[in-house]
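*Asks:* These are the residues of each chain, in order.
2 protein chains.
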Amino acid sequence: MLIDKSITDFLAELKSDSPAPGGGSAAALAGAIGAALGIMVGNLTVGSKKYEVVHEQCKRLSLDFEERLTALEKYIDEDTKAFNQVMKAYKLSKNTEEEKQMRTKVIQESLKAASALPFTVAETCLDVLELAGKILSIGNINAASDAAVAGRMAEAAMWSAIYNVRINLGSIKDDDFVAEMASRVETMVARSEVLMDQLVKTANEKI
Amino acid sequence: MLIDKSITDFLAELKSDSPAPGGGSAAALAGAIGAALGIMVGNLTVGSKKYEVVHEQCKRLSLDFEERLTALEKYIDEDTKAFNQVMKAYKLSKNTEEEKQMRTKVIQESLKAASALPFTVAETCLDVLELAGKILSIGNINAASDAAVAGRMAEAAMWSAIYNVRINLGSIKDDDFVAEMASRVETMVARSEVLMDQLVKTANEKI
Chain U
1 MLIDKSITDF LAELKSDSPA PGGGSAAALA GAIGAALGIM VGNLTVGSKK YEVVHEQCKR
61 LSLDFEERLT ALEKYIDEDT KAFNQVMKAY KLSKNTEEEK QMRTKVIQES LKAASALPFT
121 VAETCLDVLE LAGKILSIGN INAASDAAVA GRMAEAAMWS AIYNVRINLG SIKDDDFVAE
181 MASRVETMVA RSEVLMDQLV KTANEKI
Chain C
208 MLIDKSITDF LAELKSDSPA PGGGSAAALA GAIGAALGIM VGNLTVGSKK YEVVHEQCKR
268 LSLDFEERLT ALEKYIDEDT KAFNQVMKAY KLSKNTEEEK QMRTKVIQES LKAASALPFT
328 VAETCLDVLE LAGKILSIGN INAASDAAVA GRMAEAAMWS AIYNVRINLG SIKDDDFVAE
388 MASRVETMVA RSEVLMDQLV KTANEKI
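Chains U and C, in that order, are what the protein sequence lines are.
Reminder that position 46 of the first sequence reads as 46 in this note's numbering, one-by-one numbering, no gaps.
Here this note's numbering runs 207 ahead of the position in the second sequence, where the first position is 1.
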């Protein structure tokens, strides 16, 4: 599994001439880094008596971050698997009319799965962005830069996942599916802009 | 070394209650992910006859990405080391006047090093952002999302490193050093905004 590889080996696989792992797994990893940093800020806050009044709030935020971290770690490998399914589908034989039809069906299904997964990654990263803003506001000021980094990672990860949704939507022939996904992406982007403006403002005040 | 750890173990260290590794190492890693993706896009372009006219350009871009990847991989560990030096300096004894003065001097030197390093990380990530824009423009369109992810990662990594510069500048008493660094950061941010606007525009056209 990708997450069992060393960082050096993961980067070597990423840069290789194989298209997977690619931007989708990178997105999930960046989101996971953001979530992990959020947990660290929670720990550094709960570890300081000075912040006793927000200890309970921070513990809850840490649990919320943990949930996203667990999911995103899983998505690192799942995204690459979903991409490989698309590659496999394109390689199906198309000698007979029946084979052609089956191949098209399998390709379309694999493309839907390969855009639904990064959509879930993007949604999870949006959660991490929101949580990062919260921990930046109430957490240990000595770790304000770490909370801000968590937010930046989450935003970049969300966008990275969105690019992976969009590139697959381009080949999907189910117009309703495409329209629905595109609309949900727009809603997500609008929400992220509000959250990011707030995070950057708070970061500039604290750092 | 951090880069020899598995991704799972790195994330576990990141989220722990120890302040290092933290946002600085995360920044370098995100920049490295961006550079690695840039190389992949180069490989996928050079591997396709359709893009023969840009093969030489892409090979040069890949070399430029490689240089940044090598540096950023190194910075992942160096940032944590620089941070640990600051922690160590604060723990120096301060029983006599002489010890106090020496401690202050060592703290200030360690803080300068711990802001100079993320500054270099940020500069390197700005390079990756610029290179990502170039490879997005000329590279294999099937990997356009990967090139766009490279750019997003680079921008977030640059900002993450800048937060780490700024948080250390806040404790540095050498006003000239602080002013010089703050001014260089502003220049960097202005340049990144131009590059990012262009990258997002191109991404929206291609993806």
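Note that these hints are calculated values from the structure, not bench results.
All residues carry an ideal CB built from backbone N, CA and C; glycine is no exception.
One or more hints might be untrue.
Pairs of lysine to any residue residues, derived as SDA-like cross-links and limited to a Cα-Cα distance of at most 20 angstroms, are as follows [as the list claims (entries may be wrong)]:
1. Lys59(U) - Ala219(C)
2. Lys212(C) - Met1(U)
3. Lys295(C) - Glu316(C)
4. Lys257(C) - Ser18(U)
5. Lys201(U) - Ser225(C)
6. Lys288(C) - Ile314(C)
7. Lys206(U) - Ala386(C)
8. Lys74(U) - Gln85(U)
9. Lys408(C) - Lys5(U)
10. Lys288(C) - Thr327(C)
11. Lys408(C) - Gln85(U)
12. Lys212(C) - Asp176(U)
13. Lys5(U) - Lys380(C)
14. Lys288(C) - Asn142(U)
15. Lys49(U) - Asn411(C)
16. Lys91(U) - Ser255(C)
17. Lys413(C) - Val53(U)
18. Lys257(C) - Ile414(C)
19. Lys173(U) - Met102(U)
20. Lys295(C) - Thr277(C)
21. Lys74(U) - Lys212(C)
22. Lys50(U) - Ile138(U)
23. Lys201(U) - Val189(U)
24. Lys206(U) - Lys212(C)
25. Lys380(C) - Asn142(U)
26. Lys257(C) - Asp17(U)
Beta-carbon label-pair distances, calculated as ranges [to be verified]:
27. Val194(U) - Val396(C): 15 to 23 angstroms
28. Thr394(C) - Tyr90(U): 42 to 50 angstroms
29. Lys212(C) - Glu67(U): 22 to 30 angstroms
30. Glu400(C) - Leu92(U): 39 to 47 angstroms
31. Ala190(U) - His262(C): 55 to 63 angstroms
32. Asn204(U) - Asn411(C): 25 to 33 angstroms
*Asks:* Each hint should be assessed against the structure and marked as holding or not.
*Replies:* The hints, checked one at a time:
1. Lys59(U) - Ala219(C): 17 angstroms, holds
2. Lys212(C) - Met1(U): Holds, at roughly 14 angstroms.
3. Lys295(C) - Glu316(C): Roughly 12 angstroms between the alpha carbons, so the hint for Lys295(C) and Glu316(C) holds.
4. Lys257(C) - Ser18(U): Given that 20 angstroms is the threshold and the Cα spacing comes to 17 angstroms, the pair holds.
5. Lys201(U) - Ser225(C): 27 angstroms, violated
6. Lys288(C) - Ile314(C): 14 angstroms, holds
7. Lys206(U) - Ala386(C): 18 angstroms, holds
8. Lys74(U) - Gln85(U): Distance ~17 angstroms between Lys74(U) and Gln85(U) Cα, so the pair holds.
9. Lys408(C) - Lys5(U): 35 angstroms, violated
10. Lys288(C) - Thr327(C): 15 angstroms, holds
11. Lys408(C) - Gln85(U): At roughly 30 angstroms apart (the allowed maximum being 20 angstroms), Gln85(U) and Lys408(C) break the hint.
12. Lys212(C) - Asp176(U): 44 angstroms, violated
13. Lys5(U) - Lys380(C): 42 angstroms, violated
14. Lys288(C) - Asn142(U): With a Cα-Cα distance of about 18 angstroms, the restraint between Lys288(C) and Asn142(U) holds, given a limit of 20 angstroms.
15. Lys49(U) - Asn411(C): 48 angstroms, violated
16. Lys91(U) - Ser255(C): Measuring from Cα to Cα gives roughly 18 angstroms; hence the hint holds.
17. Lys413(C) - Val53(U): Violated - the C-alpha atoms of Val53(U) and Lys413(C) are around 49 angstroms apart, more than 20 angstroms.
18. Lys257(C) - Ile414(C): Holds, at about 19 angstroms.
19. Lys173(U) - Met102(U): Holds - the C-alpha atoms of Met102(U) and Lys173(U) are around 15 angstroms apart, at most 20 angstroms.
20. Lys295(C) - Thr277(C): With a Cα-Cα distance of about 28 angstroms, the restraint between Lys295(C) and Thr277(C) is violated, given a limit of 20 angstroms.
21. Lys74(U) - Lys212(C): With Cα atoms ~18 angstroms apart, Lys74(U) and Lys212(C) stay inside 20 angstroms; holds.
22. Lys50(U) - Ile138(U): Since the Cα atoms of Lys50(U) and Ile138(U) sit roughly 12 angstroms apart, the hinted pair holds (cutoff 20 angstroms).
23. Lys201(U) - Val189(U): 18 angstroms, holds
24. Lys206(U) - Lys212(C): The hint is violated at about 32 angstroms.
25. Lys380(C) - Asn142(U): 18 angstroms, holds
26. Lys257(C) - Asp17(U): 16 angstroms, holds
27. Val194(U) - Val396(C): 15 to 23 angstroms: 22 angstroms, holds
28. Thr394(C) - Tyr90(U): 42 to 50 angstroms: 46 angstroms Cβ-Cβ, so the 42 to 50 angstroms window holds.
29. Lys212(C) - Glu67(U): 22 to 30 angstroms: Between Lys212(C) and Glu67(U), where Cβ atoms are some 23 angstroms apart, the hint holds.
30. Glu400(C) - Leu92(U): 39 to 47 angstroms: 46 angstroms, holds
31. Ala190(U) - His262(C): 55 to 63 angstroms: 40 angstroms, violated
32. Asn204(U) - Asn411(C): 25 to 33 angstroms: Given a distance of about 27 angstroms, which is inside 25 to 33 angstroms, the answer is holds.
In summary, the numbered hints that this structure violates are 5, 9, 11, 12, 13, 15, 17, 20, 24, 31.
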